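Asks: So the protein lines, in turn, are chains A and B. Position 81 (the first sequence) corresponds to 81 in the numbering used here; numbering is contiguous. When you read off a place in the second sequence, starting at 1, and then add 260, the result is the number in the numbering used here.
Please note that the accuracy of each hint is not assured.
Residues of chain B clear of chain A, computed beta-carbon distances all greater than 12 angstroms [what the hints assert, rightly or not]:
| id | residue |
| --- | --- |
| 1 | N443 |
| 2 | A542 |
| 3 | S664 |
| 4 | S666 |
| 5 | T786 |
Using C-beta positions, here's what the derived DEER-type ranges look like [stated by the list, open to error]:
| id | chain 1 | residue 1 | chain 2 | residue 2 | range |
| --- | --- | --- | --- | --- | --- |
| 6 | B | D707 | A | I72 | 42 to 48 angstroms |
| 7 | B | G650 | A | Q165 | 52 to 58 angstroms |
| 8 | A | Q169 | B | A795 | 20 to 26 angstroms |
| 9 | B | V717 | A | E152 | 53 to 59 angstroms |
A few chain A residues that face chain B, going by a derived Cβ cut-off under 7 angstroms, partial list only [as the list claims (entries may be wrong)]:
| id | residue |
| --- | --- |
| 10 | T34 |
| 11 | Q37 |
| 12 | S42 |
| 13 | Q91 |
| 14 | Y94 |
| 15 | S103 |
| 16 | V112 |
| 17 | N225 |
| 18 | V228 |
No wet-lab data here; the hints were simulated from the structure. Being a predicted model, the structure only gives us computed values, none of them experimental. Don't be surprised by glycine CBs; every beta carbon is placed ideally from N, CA and C.
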Amino acid sequence: MSYGTGTYGSGTYGGGAATINPNADAIAEVCAVTEVQYSSLSWTATSLGATFLQYEIQRSGDSGTTWETISIIQTESLTAFFDYEARRNQQSCYRMRVVNTSSAPSAWSATVCVDPQMVASGAVLFVSNENPALNTGYSFEGPKEYVFNDAERVVIYPLYGRDYQVAFQETETRGDSGVLNLIISAISAPINPGRAVFNAILGLAHAQLTYVAILDYDGNRWFSNISVPSGIRQERGAIYTVPVNWMQTTDTPSTPPDGE
Amino acid sequence: MPPNPNSPTTLGLEFPVLSQPATFLSDSTPYCMSIVATASETITNVRVKLGEGNFAGAALVVDVYNAEPSSTGFRTDLVYPNADDTLTGGSGGPSGSPQDTPGLRYQNIDFWDTSNDTIVGSSAGIFGNLPFNYAAQFATNTLSLTGRRIEKVLLRWFGGHTVAEGALTPYFRINGNFYTPTNIQHSAVAFAAQNFWTVRAGSFSFNPDLNRPWTITDIQDFDGTDALGANNAHIPSQPGVSIKCFEAQVTSCVETRVATGSFVPSVAGWQTVSLLTPTGGAFAITSGTTYYYVLRSLQTTNQQFNLATLRVDPTSPVTCGFGEHLVLLSDSQAGTVVDTVDEEEATGTQAVTLETRRPLRHAIVPRPSLGNAVDAQPYSLLTAEAVETGSTMIQEITSPGVRSYSLLKVVVAQQHEDITSGSLLVKIKRRSDNVQIGSTVTITNADIIAPPTRARVLQTTLSTPASLTAQQYYVEFSSTASPGTGWYVYSLSDEDTTYDNRTFGGATDIATVDGVDDTKKDFLVTISEAPSAVAGFAATVGVQQL
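Model the full assembly from the supplied sequences, consistent with the hints where possible.
Replies: Following this line, the structure appears as structure tokens:
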């Protein structure tokens, strides 16, 4: 089912931003994303048998100029891999090859491309190829602030006998960070009211994952650690919000084995 | 050229683990390699290549096992004189008395019960004045040594002196030659009533006459043609000596060797070592069995041999020798593998050294008679060949059929620590017309991990695989780098002309160094077959319901 022809195109989101009325006593659940699109990759299994070592799948976000490995599959009979971490509303291209036990790779397959969509401009996805069962997504409120961590690493030091100052700047990149204030429920009578409303985002924050991929409508993606320091429940309207602290930890995709 | 059975999709030598270009063998550093026999045949010799070293008094041994070497079931047997052999300057009693009957004087020697340090008997012993020399045959034929491996023979006498400490020195007489142990120790005898009585003891862990491990026959000969004795060779000024007790201790363990051989090198180079079973029979190997060849030295000090660098086995897997080796806790001279330190009283037992898993980096080439064994090891040297302007290296290969090769491995290094003035280009070309097949592999200093001047295996892929058919090709190494800032590619070579036809590819696929063919050299390069590309690769958008 693809965006535009299925639920998203004619359903709750209506192809636009979520409409949230924090003062309403009872409105439809509009805060939690109910579907996540992904790149579904498939192939014909090879028949190397004892000389099979692994499949390697790579993704490109720039139409094939640069590639990054997103999966190493060591089961020859597997014929599918789902990539949830592709940028939204942008084209992602893929290629794959097989490697034998001599470490010799095949030629790359033909490049195939897809365009997974973000449903609403006011939503943000938290996904993981390592454990897609934890994938979730919410609307957010307020402005998005990007903290560029490199700035605070600059050290300014005045030197005796030298005018002005000396600035020491790291050559490493520290990435971005920020806080997302999410509305995770705005329904007067959630199925599991109270603290349980926060379980999904808390579960993702505590999961043993290399990172959580944060995807937004603009095609941004941060491989981040996330933490949820608190949760807020506003009684009137039963609005549940959380601040999610995120800190970029890498720019290299993990390679979950066998498409876990 | 048969494909490598360990990697049938790869053409080229199976790489060994590279090691330092030279190593040393001394008394406490046995080396081991293993070979899985791929044929059943009789092996009469092995070949060992020695570099320069101190050969004075050198003696080396090759022991062969068919299981990881171990020595168990150690046992020490005591034997006593059972016949006179020689007596000079002494007697067993007053001249003409029954105690001084030639041939029966040994009966004047009492037994020493080592369990509680008591003397069994009250004989006067054999005594006399200097110069004194007494030797006897010992009852070694009564020992049950079948299936045993002799570790050591220790000779010990207990006696004294009328004025000062005893002066007699134990000695071994073998084939008419006299050998005095270098490890003689003596100590006072606290339990003896007489003053100045001492114990003297010395041992040999190998046959000093033949410079090889003891055999059962050697031991039995002390009950016949050979003798064990004591004389005053070391302190000739002391008068009035006597032998009260005289014994030999034969230490043995369960025989686990399947063959053994020894040699006394005098010059560097190839050494041919005859191999026989421990009982002197022909050494036959069985296909499929793993044999462990342990090279060790009999020497105790100052014997170090600069050994040839490495071996490689192109046709059978190596389970011991590179990376996975044996732990040998060895009494070096006996060569037995022990797991405890055995410090016997007053015997001067060799220091026991834990030898960690060391590779056998020199060539041991098992072969039957003067021909080649099926599993003969053809290589002995690792050589770096400079690739630079005007210096191009070639390794021939033959494709067994229509194959596509994409992976290339080569052992390379930079000539200079920091810079290269040109890339190393690797190309696969067809021998018949020199047409290049597949893409060029370009290796730069960015591909080399520090330290760049050390040999390393570099693995890379051909962006366009080389599609070969059943004919001969060659891998060419070239560079426009200036001399001194170019590259080295490494080869295995053999200095023993016996093994020209045992190298990779025989005389068909050979190496060419600067335009000169060398049938005894092969470059360390492999190309591996590429699998077919994955078919049916497709992508669609799926939807996950949360």
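Asks: Identify every previously stated hint that the structure contradicts and give their numbers, smallest first.
Replies: Those not satisfied are hints 3, 4, 5, 6, 8, 9, 13, 17 and 18.
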